[in-house]
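Assembly of the complex is requested from the two constituent chains, each provided in isolation within its own frame, with the hints serving as guidance.
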Amino acid sequence: MVTVLIAILLPFVCAALIPLLYRRLRRVTHLGWFVLSVPFILFVLLARYIPQIAEGKTFIHTYEWIPSFNINFTTYLDGLSMIFGLLITGVGSLVILYSIFYLSTKESLHHFYCYLLLFMGAMLGVVFSDNLMILYTFWELTSVSSFLLIAFWHHRKASRAGAKKAMMITVFGGLSMLAGFLMLYVASNTFSVREIVANVEVIRDHALFTPALILILLGAFTKSAQFPFHIWLPDAMEAPTPVSAYLHSATMVKAGIYLVARFSPIFGGESIWFWLVSVIGLVTLFWGSFNAVRQTDLKALLAFSTVSQLGLIMSLFGLGSVGHYYGYAESSIVYTQASFAALFHLVNHSTFKGALFMMVGIVDHEVGTRDIRRLGGLMSLMPVTFTIAVIGSFSMAGLPPFNGFLSKEMFFAAVLAIRDVEAFSIADVGLFFPFIAWVASIFTFVYSMILIFRTFLGKLQPEKMDRKPHEAPFGMLISPIILCLLVVGIFFFPNVLGHYILEPAMASIYPTFPSSSELTPHIHAWHGINAELWMTLGVIIIGIILFKTLKSWKPLYRIFSQKYTFNTYYNRLIEISENGSEKLTRKYMTGNLTHYFVYIYVFFIALIAGYFIWSDAMTFHFDMDSVIESYELILVFVMIFAAVWMIFAKGRVTAMLLNGVLGYSIAFFFVIFRAPDLALTQLVVESVTTALFLLCFKYLPDLMPEAPPKRVQWSKAVISIFVGATVTMVGFAVVHYDRFEPVSTYFNDAYELAGGSNIVNTILGDFRAFDTMLEVVVLLIAGLGVYTLTKLKPRKEEADREN
Amino acid sequence: MKINDVILRTVTKAVVFIILTLGVYLFFAGHHAPGGGFIGGLVLASGIVLLYLAYDIETVHKGMPFDFKKVAALGVFLATGTAIGALFFDVPFLTQTYTYIDVPIFGKMGFSTVTIFEAGVALTVVGVVVTIILSISEDE
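Protein chains in written order, with full-length UniProt numbering: chain X, 1 to 803; chain S, 1 to 140.
If you are wondering where the hints come from, they were derived from the structure by calculation, not from laboratory data. Be aware that one or more of the hints could be misleading.
Said to hold, decoys possible - Taking lysine-lysine and the DSS-like style, the derived pairs with C-alpha atoms no more than 25 Å apart in a straight line are:
#1 S:K62 <-> X:K791
#2 X:K791 <-> S:K70
#3 X:K164 <-> X:K299
Claimed, not checked - Covered stretches of chain X (in silico footprint by chain S; criterion: 3 or more residues with CB under 8 Å from a CB of chain S, positions within the stretch not fixed):
#4 43-53
#5 333-347
#6 772-778
Glycine included, each C-beta is placed from N, C-alpha and C at the ideal position.
Next comes chain S alone, as it looks inside the complex (with noise of 0.2 Å):
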């Protein structure tokens, strides 16, 4: 089946930047406002899915030359990784901290190890839905 996907594709150009910018925006936007690891990973990922649909596999290979099951499994090396961490500083599993730092031109800025731990979610959300999209639509 062969479409005409010329409309998709300039729509795409424009607006998958859009979604993934977006999708970093909520992802660190979570800790204060709607958002989140989970939400922002899937955001990134349905941008991600949007460019497969809209161009073919090779293509969007050669922009974003990463195999996704490795990107899933960074993510969830990252989330065990932060709570493992925590025993290495006498603490409980899975203990997070927070603090703030004053950082020139933005201000006071609040800085969290949660936020590596929900880049693993992210992480491993993006990984597992594009791995499970691509496979299933390459499947012959």
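Bound conformation, chain X alone (with noise of 0.2 Å):
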């Protein structure tokens, strides 16, 4: 399966290769044509495969990464998978034919084509990895480069500001989400997912399954803005719009839907991950819309508008868990539908929500402002702009003949089926679940009718205007019209969806029933006088009576006090932890290098003598000690002579050249007892360092003349001993220490193994290549931060002007 490990890496390798190409593509045309091309190419390799997955098939393939840790590069992809390639894709190609138009020449185009091709990337890694390492590292990913997406127009403090806390919430997630994954490993003793769902039975019992099941769905919460962490998400719309469009319709936000279908074989069947998804979901779904409405920034409209809709597909998906519960059965394909719904609603909301983000994008582009109670009017100067909100916003109210009224007649079945579910104790709050999804519906439908008639209809202000209203340019036209035409499509058609994309996405979600098939509704547009419907046609008249007298009900919110929101909460919890962590830090960076020195000695001492006393390893046998040379001794001597000279030395470079001696002594001893490559290592790294002292101590005043208060010297005295006796009683117990395994024994077969004789270099290069690398790694790192510190001090000039 090659294509899938194509689809992940040909992002990074064309993020890598845009600062290459930058310079010599910005004078000929648009970067975003040649970064077009990558979503676009994988979008048509992928799609060649959806008649095979339609058929059932899954792909899957192992590129063995730390075998040994049971952590590989696994690629899957089944039907699941596949519905969000196609979104991360498709709606990803759509998103940078927009942004072509809408990003002019002069931004830094290179920044923003490298984060978004990274963000690509790392997306189709979450949701290709079967590994739930490899996963995670992706996820991470996603929270780091929609950071830099989101920040990037960073001169701006909101900009800043919003992607700090999108990335605080979301890393907060995935960190939880990651020990929810090693409880799974503990658990189950595989990283695979795969693995573990044909595993479920056995460690359903296990301690750590709830937990694991917690923590995991706090990762889900945080990454899809469910209700208190939502409050990441309008922030984050400080970003450009299409980055907006493109994370909050179709890729970021549904990470965490992504995780709760992928799991939900696993946690279905539990009714704490019942009321979880399906609760949190539905309040999501309320709290959103209900604030949607009280938004005058169109933006901001849509981002409630998104936090809203994903809590709808979440608690979908926590009804549909009840049919993991019941199993396989007749009676319990009515609840697999809830599940059915969430992934047709989630390609749904992908398609109108893209559509209305860019028509946002264009009315902000071409009228300068966003701001409901400058606008209006626009109806007759943007008439195909009008139409793409009218078609969008409609599929978002759940009106026909657009696909969110499909979806949104599902939702409301799903939800009045769950009434009559005996589990979970759900008969007590029964009316419950149909009662606030029909309430948030409205407050849908009277948002979704704002956009429209706040935006286009009225009366035209242009004084109120920065610019002279026109309709955009063609170009940035086709990619909602696109969407739009999808929109109108799926409604006509929706069963050829639901046939190729959703069916064999139901059966990676539903692995135990037997034929995906008849999970498969099909689809009605016209399904009926039924309760349904006139759950529909009592959101279409209460929805327009609230809209028409929202003047005189809109003061309400003035209720709600801000200050008891959560985003006071989380800036007062920010505003805490940075206090404290400044006091903290504070007491103990001084900025005397003698304390610092201090620190970690008195660390050292506790931890290595410590540990040694309390494990009782401080044991001593000199019966096996060998003769002692009387050449060694006189080294000795010399080292203790150097040592103590140091000490009383006056001039630092007498100090340096005298430690010198120390370390040329300590060479020879390497020399004495046969360690040639610790000998040559010691001498070369002793000559380098004492050359950089020289070139240091140049710049460095004098030793301090007057010294220090004796009681200062007395303890530095103390600790310098302490720190000598650790290191010394430390040298005599290894000897005796038995408590590991001794590593030696691994190295007995290296040159079979490694085809070297050199032990110490087979262990660098081939068993412990690992940490060699890392730390070539860190070597880079630290000397380029040496560097900068150096070098890159900002100038006068450029200092006053970032100010």
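Here it is, written out as structure tokens:
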């Protein structure tokens, strides 16, 4: 399955190419055209597999990475990852096409597209990884790259704040998810999602099963902006609109949804899973739609609407998990329909929300404002944009003939069906589900109408607009038009989507159910006069009334004081932790090198000597010692002499040279004890550091003439003596230390395994190559750190301009 | 501070070649005898540092027009590259392999991908050490 590997790697490779191509391409054309090819190629490559996936095939391939720790780069292509793969690449293509016209070449496009490609690759990595550790790596990479994207206009304070907030919350969730993954590993002894799904019966009784469930859900909820973690999403709207359209309609926020869908075969039958996912989802649905109505900024409105719609999808997966509880039976099919509706709405949401974000971007771009209070009457000036807005909003509001209507009806059917479930003591609160869903839908209807009518109808107020409004250039309209065609197309041919795309994904969510085509309903636009239709009619009627009387009841929102929002709590938490850590840091980061050495050495003594004494390992036997030769004694005396002299040395250069004497003497010892490698290294390191010291000391003042107080001197002396004693004692003790198996047995057959007779080198290059590789990286980072510290001080005028 | 460094320069001219040759020797000897990427790199770096000590930066730069930051980056690229390269042969990350080839004149010689990895280590060491020393010494 090379295709999937290409899908994951190609964006990263192209992101690396951008800095090289940028200078050459910028004069010729917009960089976006080059970048556009990446998702487009991947979309076509993936689409080729749709027929095979629809037949129920799955593709898996393992590239061994660290097999000894069960960490392998396993790619997995099934129905569920296919949906997400198509969304990421498909919507990605459209967004990049749109961005070509949205972002002028004056912006730092190379940064923008580099981040965007990184993000795309990370998202594809998340959905195509079967190994939990790889999935986690990509998961955090999406957080990092979205941070960069949200802060793209980093000269704005709000952008930086929004990016930081998104990062803090999603990384917090990601870390708890990692803990959950590790618990799953402990329970199941594998990192492979498929294997865990296959052995789910075995791990279900494990003590860590429920904690793992909660921690993984925390990751999903933070990423998908579920209540009360939704607060980052509106702030993330500081990003350029193409980014908003991409991150918040098709990809990043849906990673949490993907996670819930992917893990529902594992956790699905649990009551805690059902309650958490469905209730949090419903609360998010309601809270998002309720808050969207009060927004005056178009993008903020869409942000809350995304929060709300994500809650809808999430709650549907929660309701669908009842199917797992009952297992396969004729009667449980009705509950699996909730998951089907979730997948269906997932696709629908990407189409209409993508179009709406692009529409808002066009309004912002051509009018110069997104404030509803300043907009109005744009219909005649921007007819195409108006049409896009109508199609997108009506679909979002759940009106025919648009795809949102179909999935909304299925949503109503799912919440109505859940009343009959006897498990999980649902019966007590049975009406709660349809009621919340219905009220939230009314608010959804109201804000959808605000989006259209406040922007495009009413009185034109040209004096409040920054630019003279006119229709957007054709290129900017292509992408939303394509999405709108999909919105309408899916309404008329929903079963094509259902059969080819959604049905195989149902098989991934319900792997134990025999035939997935039974789980796939035939979607009808007209499903007779039933409860769902009455609910929709109610939504429309009450929605229109509420919209008409908006002015009279909107002041109700003022009851909710801004003091008690989650945003305030978040800000206060950040403030407290920032102040606290600053105070703490000031206490110990004194800027005095001697203090730092004291911390290091005290810690060293406590840890090393403490451990040896605690574990009763400080035992010495001198019976096995070899004879001490006279030249060894001489060397020892030379070293003692140098060390003692160094303490009383007056000048830095003297001290440094004496230090050199010590170092070279140690090298001699290595020679005597037949460790030529160490001797060589020691010699060369000593020479290089001596040269470094010589260079540094040139700039330092002479040693301090006045001596510090006696008390300080004594404490320093005590610490030094303890450090020396610890090292000596440990040196004696390790000869007989037998708590662990000696590593030397591991290298016995070094020659056969690595083909090298220099064991030191085979260790460095073969057995412990991972360490060496990372050390090299660390070395580079350290070198660049020194370089930037000494070289790249901001010049005065630059420093002024930044402020 | 202007010091008379005629002796240093004269000695350096002769000694630097010995040091650099030793560095290269140590690098290749590494597989079976003392040496290897780290030590080889350090020796090479110390030779270069000696050059910088004896002559001024511009003169040395004329002879060795490298950006040592890029040298270090190339080193890391090589080291991680061989690690990732293993994946393309469907073996675990960081797998190294070796073989013996009969070479005219020299006879049977061992070739190993570890050499590339070690070359990466050596280049990083050279690049980083020289970068650090140069940036500290150039700092005003």
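Review point. Among the hints numbered above, which are violated by the structure, and what are their numbers in rising order?
Key: The structure breaks hints 4, 5; every other hint is satisfied.
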